[in-house]
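Colleague: Residues per chain are reported as follows:
2 protein chains.
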Amino acid sequence: DIAAAVEAALQGDARLPLPLVKAGPLSGRHVIVTSGPTHEAIDPVRYIANRSSGKQGHAIAAAAAAAGARVTLVSGPVTLPDPKGCAVVRVESAREMFAAVNDALPADVFIGAAAVADWRVEAAAHKIKKEQGASAPAFSLVENPDILASVARASRRPRLVVGFAAETRDVIAHARQKLNRKGCDLIVANDVSEGSGVFGGDANEAHLVSSGGVESWPRMSKEAVAARLVGRIAEIIADSEAPE
Amino acid sequence: DIAAAVEAALQGDARLPLPLVKAGPLSGRHVIVTSGPTHEAIDPVRYIANRSSGKQGHAIAAAAAAAGARVTLVSGPVTLPDPKGCAVVRVESAREMFAAVNDALPADVFIGAAAVADWRVEAAAHKIKKEQGASAPAFSLVENPDILASVARASRRPRLVVGFAAETRDVIAHARQKLNRKGCDLIVANDVSEGSGVFGGDANEAHLVSSGGVESWPRMSKEAVAARLVGRIAEIIADSEAPE
Numbered sequence: 270d271i272a273a274a275v276e277a278a279l280q281g282d283a284r285l286p287l288p289l290v291k292a293g294p295l296s297g298r299h300v301i302v303t304s305g306p307t308h309e310a311i312d313p314v315r316y317i318a319n320r321s322s323g324k325q326g327h328a329i330a331a332a333a334a335a336a337g338a339r340v341t342l343v344s345g346p347v348t349l350p351d352p353k354g355c356a357v358v359r360v361e362s363a364r365e366m367f368a369a370v371n372d373a374l375p376a377d378v379f380i381g382a383a384a385v386a387d388w389r390v391e392a393a394a395h396k397i398k399k400e401q402g403a404s405a406p407a408f409s410l411v412e413n414p415d416i417l418a419s420v421a422r423a424s425r426r427p428r429l430v431v432g433f434a435a436e437t438r439d440v441i442a443h444a445r446q447k448l449n450r451k452g453c454d455l456i457v458a459n460d461v462s463e464g465s466g467v468f469g470g471d472a473n474e475a476h477l478v479s480s481g482g483v484e485s486w487p488r489m490s491k492e493a494v495a496a497r498l499v500g501r502i503a504e505i506i507a508d509s510e511a512p513e
Numbered sequence: 270d271i272a273a274a275v276e277a278a279l280q281g282d283a284r285l286p287l288p289l290v291k292a293g294p295l296s297g298r299h300v301i302v303t304s305g306p307t308h309e310a311i312d313p314v315r316y317i318a319n320r321s322s323g324k325q326g327h328a329i330a331a332a333a334a335a336a337g338a339r340v341t342l343v344s345g346p347v348t349l350p351d352p353k354g355c356a357v358v359r360v361e362s363a364r365e366m367f368a369a370v371n372d373a374l375p376a377d378v379f380i381g382a383a384a385v386a387d388w389r390v391e392a393a394a395h396k397i398k399k400e401q402g403a404s405a406p407a408f409s410l411v412e413n414p415d416i417l418a419s420v421a422r423a424s425r426r427p428r429l430v431v432g433f434a435a436e437t438r439d440v441i442a443h444a445r446q447k448l449n450r451k452g453c454d455l456i457v458a459n460d461v462s463e464g465s466g467v468f469g470g471d472a473n474e475a476h477l478v479s480s481g482g483v484e485s486w487p488r489m490s491k492e493a494v495a496a497r498l499v500g501r502i503a504e505i506i507a508d509s510e511a512p513e
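Which chain is which? The protein sequence lines are A and B, in order.
Add 269 to a position in the first sequence, counting from 1, and you land on the number used in our numbering.
Add 269 to a position in the second sequence, counting from 1, and you land on the number used in our numbering.
It cannot be assumed that every hint is accurate.
Said to hold, decoys possible - In silico PhoX-like cross-links for lysine-lysine, where the CA-CA straight-line distance does not exceed 25 Å:
hint	chain 1	residue 1	chain 2	residue 2
1	B	K291	A	K447
2	A	K396	B	K447
3	B	K447	A	K399
4	B	K398	A	K447
5	B	K291	B	K491
6	B	K447	B	K491
7	B	K291	B	K353
8	B	K491	A	K396
9	B	K447	A	K398
10	B	K491	B	K353
11	A	K447	A	K398
12	A	K447	B	K396
Simulated from the structure, these hints should not be mistaken for lab results.
Just chain A, with the same shape it has in the complex:
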């Protein structure tokens, strides 16, 4: 219902994007992007986090929107402004992110740029107290849902499923393993070891890993990585639809 969508947009409800088809290589496509860290509660005051700033994921969402796509950005806790032209769903935990991604399907492209916690803690309802003389408490860890693998194996699988691999060593080898294990089409791999300055920084040195091989890109801004990735995605989708 176009009238309702226009009214919603005028009232600032970003979750109902205008059904207007924008020009661009991803025009008419729905792209889901996850971004940022997840926070996994240990108790009401403590949580496990990670050093993802969301800069790369948010830049990809902005680039996909600029390329004409309808973009749903599912973002963990970040201090970044919402990118222009994207419907933004804010979440805290991996389970919330998983639910938001499933709600946003179907899509043509899924790009999992968030640093999703592999594990969560069996959270305590009350603040864990430090008891005098007692030993440190043990945390029971529980595996979180694997959002990337789940999307890649979904009955409503997007045409293109893109994962990220943040590694501190053997970057490309780990990325190839991840590609196979998760069942996705592309992995953007990068070195986040100390001194790389990637986590929280403004630049990235990425390798695009597919079953066909590896493209190693020079160090560039996260915006430039985003534009290049979105350009490659648009090419792959166009190629897959080209007549024989």
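With chain A's structure known, arrange chain B on it following the hints.
Modeller: Relative to chain A, chain B alone:
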């Protein structure tokens, strides 16, 4: 060296505060305030954090500076601007905070408003990998230094040592226990249970617990709590110096 300090201040080096004595009830006093959360690394990308925003601690530092004190603010990772007129030392972990507080001693007053992690993880040098089929990793927790208890028992003990107790139940009972266990003079206790809105929020409902009793303050802004606490501290110090 006044000339060097003036020059440093003009060059914006906040760690060398002007040795000018400001007017106010805490004029000529050195106050150390800790604020914010600490981040304890699990591996190069993951860490344990807590929901402290630093708003209360930063407001106390600002109030103490406004009362004429020379203030050293030791702050964990926060997104707040540095309060005016304070020397700010930024740290990440509890151990870094402990070292920065010891470096800042001696002082007339110590106010431990930071939410210091009780435990840290024996951090891994490389990112912990999720292995296919393997069970979740166990984290070995190690107790962090107890900054409040250490300052309260230091040979250079400040005249007044003030702790905070963020509790989710039995707020005052827990605060009294903490007062005795840590050896401090005052505990500012508050309820941070879900729904209280204290963590990250702008208001606080505080109880000032001393060996003499409990003052329960009405709900007020964190700035108002800060001003009231600093006023009480100035009174206690003045009383302790009054001739018999």
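Colleague: Take the hints in turn and mark each one as holding or not.
Modeller: Hint check results:
1. B:K291 / A:K447: Judged against 25 Å, a Cα distance of about 61 Å means the pair is violated.
2. A:K396 / B:K447: Given pair A:K396, B:K447 holds - Cα atoms ~15 Å apart, limit 25 Å.
3. B:K447 / A:K399: Holds - the C-alpha atoms of A:K399 and B:K447 are around 11 Å apart, at most 25 Å.
4. B:K398 / A:K447: 11 Å, holds
5. B:K291 / B:K491: 24 Å, holds
6. B:K447 / B:K491: 22 Å, holds
7. B:K291 / B:K353: Judged against 25 Å, a Cα distance of about 14 Å means the pair holds.
8. B:K491 / A:K396: 22 Å, holds
9. B:K447 / A:K398: Distance of about 11 Å is within 25 Å: holds.
10. B:K491 / B:K353: 16 Å, holds
11. A:K447 / A:K398: 39 Å, violated
12. A:K447 / B:K396: 15 Å, holds
Consistency note: the structure conflicts with the earlier hints numbered 1 and 11.
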